[in-house]
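Chains as they are written, first to last, in my numbering: chain L, 1 to 279; chain D, 1 to 279.
Honestly, the hints are just simulated from the structure, not real lab data. Each hint should be verified, as a subset may be incorrect.
Which copy is meant is left open, so a pair is good if it fits within one copy or across any two.
Said to hold, decoys possible - Computed list of lysine-lysine pairs in DSS-like fashion (alpha-carbon distance at most 30 Å, straight line):
1. 116 to 56
2. 116 to 222
3. 222 to 264
4. 131 to 119
5. 264 to 166
6. 50 to 119
7. 166 to 116
8. 119 to 264
9. 72 to 56
10. 267 to 166
11. 116 to 72
Protein chains: 2
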Amino acid sequence: MEKKLRRSARLVDMTQHLLANPYRLIPLTLFAEEFGSAKSSISEDLSIIKELFEYKGIGVLKTVAGAAGGVKYIPMINRGLAVQVVEEICQRLEHPDRLLPGGYLYMSDILGDPEKLNKIGKIMATVFAEKEIDVVMTVETKGIPLAYATANYLNVPVVIVRRDSKVTEGSVVSINYVSGSSKRIQTMSLARRVLQENSRVLIIDDYMKAGGTVRGMVDLMKEFNAAVVGIGVFVEAAEVEERLVEDEEYISLARVSQLDMRDKEIKVVPGNFVNQIDF
Amino acid sequence: MEKKLRRSARLVDMTQHLLANPYRLIPLTLFAEEFGSAKSSISEDLSIIKELFEYKGIGVLKTVAGAAGGVKYIPMINRGLAVQVVEEICQRLEHPDRLLPGGYLYMSDILGDPEKLNKIGKIMATVFAEKEIDVVMTVETKGIPLAYATANYLNVPVVIVRRDSKVTEGSVVSINYVSGSSKRIQTMSLARRVLQENSRVLIIDDYMKAGGTVRGMVDLMKEFNAAVVGIGVFVEAAEVEERLVEDEEYISLARVSQLDMRDKEIKVVPGNFVNQIDF
């Protein structure tokens with residue numbers, strides 16, 4: 001390969017490698033050896049990638065100096081783009097056809113679309129970027145896609161809490177909790193083996209009304225000596241009589257500020273995530 | 001920006017844009033306008049990216065000529081790497097601690113790890129790359145992560161079939177099916193609004209024993225006038241008395257060829273996917 005081509009190929013390879021391995025420290029020698037390049041050329045390339053990633057709002061490259069050093073890609077979405085994504089979602093959520101019995105909103109189409117889901121997951125990952133998360137947790141079923149999209153950008157595993165106690169994965173911890181809106185007693189379970197003690201856990205869910213399910217997950221985590229370091233919900237309902245989760249405990253992307261079942265009027269506004277993004 | 005830098009930044013941007021938008025036709029003018037470059041320079045860059053993507057087994061760039069033309073990134077994993085990924089998974093699955101009651105295997109750790117999951121999803125996407133898929137379908141709960149990982153590479157939505165009929169998403173189609181292994185009658189449901197008529201559907205599931213669940217999904221699709229154009233399962237059980245899905249109907253990544261509950265001996269081998277990859 002001629003020299004110019006080699007440099008171009010190296011840039012393409014470094015870009016794809018960084019994007020595919022968020023939050024991993026990649027030693028500069030990896031690229032230097034593969035392309036037979038000096039470390040100084042690699043550093044030059046990295047500064048180009050870094051500049052473009054920041055300019056395009058793709059993320060941050062963190063360089064760690066020294067023998068054990070390297071570079072780490074932190075996926076980020078900038079505030080302007082995040083607000084734009086959320087505002088567009090709010091608008092879509094306001095369509096009267098989305099109204100479901102019990103004051104829920106139909107959101108499966110949005111959470112089923114990989115492009116949208118990736119953007120929402122990236123916003124979550126940006127909000128909780130500094131929390132040193134070990135694992136993302138959710139409860140089946142509708143929260144699972146967003147949990148994965150978020151975990152994908154944080155590059156950590158996902159743990160799924162089951163809504164029954166018929167889990168067959170060995171020793172299981174179950175707790176009963178009260179669903180805040182229906183006031184019914186329900187059960188959630190997690191097998192011992194899926195979560196290490198003392199893990200730092202980010203809880204993700206698609207929808208929060210009174211917060212009973214989220215409170216249940218927080219309580220369940222105590223049984224694993226885990227630290228809940230963040231709670232992110234896609235959409236929260238407003239006008240909840242008695243919220244079981246404190247305002248400062250969770251971040252929401254959108255908030256149903258008004259929901260009139262009779263007149264089919266829905267008003268959805270951006271949630272409290274905006275102040276958590278300074279990229 | 002000086003000229004060399006501009007070209008480098010353009011390469012980085014084109015790479016990230018292609019990776020983030022699989023299966024989308026991207027007009028060359030998009031890049032040409034953004035960087036004030038001639039289309040010929042863009043074409044040169046694309047050939048560098050194409051070469052590296054193929055060399056590294058990342059995927060294929062398809063160029064469409066003409067005024068409405070552009071370039072499309074098709075994510076692919078090459079056969080050698082795919083076999084390596086699957087063989088490593090087979091080895092991990094053979095650990096006796098994975099044996100669960102009822103002849104199931106513990107796999108939540110593997111399907112909960114985004115890095116592994118992305119590789120498995122990319123293998124699925126490679127196998128079904130030519131099928132012109134509109135939507136990936138799975139049944140809750142354990143198949144959901146893999147369905148999303150696959151759909152992410154195919155850039156199509158995911159539809160999740162529920163295991164009960166208490167779905168609140170409007171008009172619902174429910175069918176009863178017989179679980180092949182337990183012989184019990186069960187129900188699965190899908191809301192009308194989540195799937196358009198005449199869709200081309202790829203069914204994805206994590207585990208298949210007799211295939212009753214998969215058969216149920218196939219039957220359910222008839223109610224939507226949908227065409228099931230592929231069935232991909234992560235792991236299939238061997239020694240099934242009466243399989244409800246024909247051999248040529250599905251692709252599996254791995255196959256439990258031996259499972260001795262008493263002696264805790266598990267043998268897992270690569271499935272029939274290998275012949276489906278010619279990248």
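Verification of the supplied hints:
no. : hint       : in the structure
1   : 116 to 56  : both (18 Å within a copy, 28 Å between copies)
2   : 116 to 222 : between (33 Å within a copy, 28 Å between copies)
3   : 222 to 264 : neither (40 Å within a copy, 33 Å between copies)
4   : 131 to 119 : both (19 Å within a copy, 26 Å between copies)
5   : 264 to 166 : between (39 Å within a copy, 22 Å between copies)
6   : 50 to 119  : both (20 Å within a copy, 26 Å between copies)
7   : 166 to 116 : between (33 Å within a copy, 27 Å between copies)
8   : 119 to 264 : within (28 Å within a copy, 44 Å between copies)
9   : 72 to 56   : both (17 Å within a copy, 21 Å between copies)
10  : 267 to 166 : between (39 Å within a copy, 26 Å between copies)
11  : 116 to 72  : both (25 Å within a copy, 20 Å between copies)
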